[in-house]
Amino acid sequence: MNPMHTLFPNIDWPEIAQACIDTLLMLGGSLLFTIALGLPLGIWLFLTARGHLHAAPRLYAVLSFVVNVLRSIPFIILMILLIPVTKAITGVSIGIRGAIVPLVIGAAPFFARLVETALREVDRGVIEASQAMGATTAQIVSRVLLPEARAGLIAGTTVTAVALVGYTAMGGIVGAGGLGALAYQYGYNGYKPDYMLVTVALLVVLVQVLQSLGDRLVSRYSRR
Amino acid sequence: MNVFPPRTSPVIRFAAASKSYSVGGKLVPALHPVDLTIEAGEVFGIIGHSGAGKSTLLRLINLLERPTAGKVFIDGRDVTGAQGAELRRLRSGIGMIFQHFNLLASRTVAENVAFPLRLHAGTDAASVTARVTELLDLVGLAEHAHKYPAQLSGGQKQRVGIARALANRPAILLCDEATSALDPQTTASVLELLADINRRLGLTIVLITHEMDVIRRVCDRVAVLDAGRVVELGTVADVFLHPEHATTRRFVAEADHREGRGPEFPGVNGPLYRLSFRGDATYSPLLSRVVRDTGVEYNLLSGRVDRIKDTPYGQLTLAMHGERLDEALAQIRAAGVDIEEVAR
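Residue numbers (the working numbering), protein chains in the order written: chain A, 1 to 224; chain B, 1001 to 1344.
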């Protein structure tokens, strides 16, 4: 008899594999869009803050408020609130593609704050030196701020990716699919502890892999 | 070897330039209206305590700070309102080095030096590489081209800063406390390099410092800044040997390591004189000749013989007495030595 079957009598392994793929797809897709949206937003926050390159205190206050509001809403509520938006953008309200919209809306403001914090770590003197050399703001952002803050940005991306793993699992409860959905449906509602164990273990492994990959990149790009 | 074809050096002129900062809704003056002209090709020092406004004054030149009122002229042109591309062009013609070097930590030495060259469209890779090599040779860092700033000493970092500041062949070099973070020996070698650059490239150097010794070693002229005002201005020799303002006197005293000690010498009789020798007079046997001729006696109480940039100078405090004292003093004056009576 198959020992896997003895240990985990209820588990349908192909289904687990599919759930893994779904989770990775949601994670990859949402992380990509989160960066695409959150990075410019974070740069914008940084530049418009008081005393920075393009200080605009009122604009900063508005941006900051929007970011804070989005970060305050519990993700599960955000998902439900965003169903009409999701439908308008993707044509579906649920599933992998449908989950990506609320995942991005939930994570991008969070990532933007991490970007802003990472950019603030860049030595002001270095920014002043580039201004003194006649660099444009675009050049300062692309050639000074982003490369100098690279380690901090990678660390922020890692934290965001890990947070997204948690969000995708939550998304599973309302029908987004993936490992979270299996844990909830079979493990929790279906009283199948082996399902719970395997899905949670896989999520732990995923988080571990993401974190150690992030840490390795951070130490590789730290030049201080 | 002249690797930089000298450009015509501009004159920097401040016309009633002032700067105030708003602190808690109130305007606090950092710099009272300053009228000042910096001549082409000179090494001009601005000395002051922290908060005296020297950093603000320096930054008015490349408009990292905008004057609240008044104007800044470079080469006769009013640059006060320069914006956008005009401002960037102005800045690329003015190099700047900093107390904390401000190098890009994520880039190698060579990439740091190449940075200002690559800011301008149309610079091809080959000419950038050639220029970087030339500059690293100039500052003596050729073998460190592929290191990161974190792997360098303070003095080496400042040399990278200097190479970077010179990359676009500026006509003006601004030095913001460039040696304040360096040990005395490294300070000396960096100042030597700056003096050498000034001589060879003929560019105008404006430096700010809180150390009179930096002024003495490299500057031609100096402005003393106190609480946002220029309180003394002149050639370094004049200001150094005959400081007028209390702040200047303090700076000079610090440089002479006689901080906190007045000119009083208890138990010494007779009037005290401070003799200031300059140039060749410093090394001539003047005193012994005067003593032989007039029979006065002197007592050497304190003194220093050194150089101001390339000019030797000496400053001695003497107690002198004798019947023919006036005659002796006249002879000393006639030899071109300044005499100040410091106590009676």
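These aren't lab readings, by the way, just hints derived from the structure by calculation.
In this text the structure is predicted, and so the values were computed from the model without any measurement.
Heads up, some of the hints might be wrong.
Claimed, not checked - Sample of chain A residues with no beta-carbon within 12 Å of chain B, all distances over it, derived:
# : residue
1 : Arg124
2 : Ser130
3 : Ala151
Unchecked claim - Sample of chain A residues facing chain B (criterion: CB under 10 Å; computed from the structure):
# : residue
4 : Glu128
5 : Gly134
6 : Ala135
7 : Gln211
8 : Asp215
What the hints assert, rightly or not - Chain B is faced by these chain A residues, among others (derived, beta-carbon under 7 Å):
#  : residue
9  : Ala88
10 : Val126
11 : Ala132
12 : Gln139
13 : Ile140
14 : Pro147
15 : Glu148
16 : Arg223
Beta carbons are placed, not taken as given, at the ideal position from N, Cα and C, and that holds for glycine.
Could you tell me which of the numbered hints above are not met by this structure, giving the numbers in increasing order? 1, 2, 3, 7, 8, 9, 13
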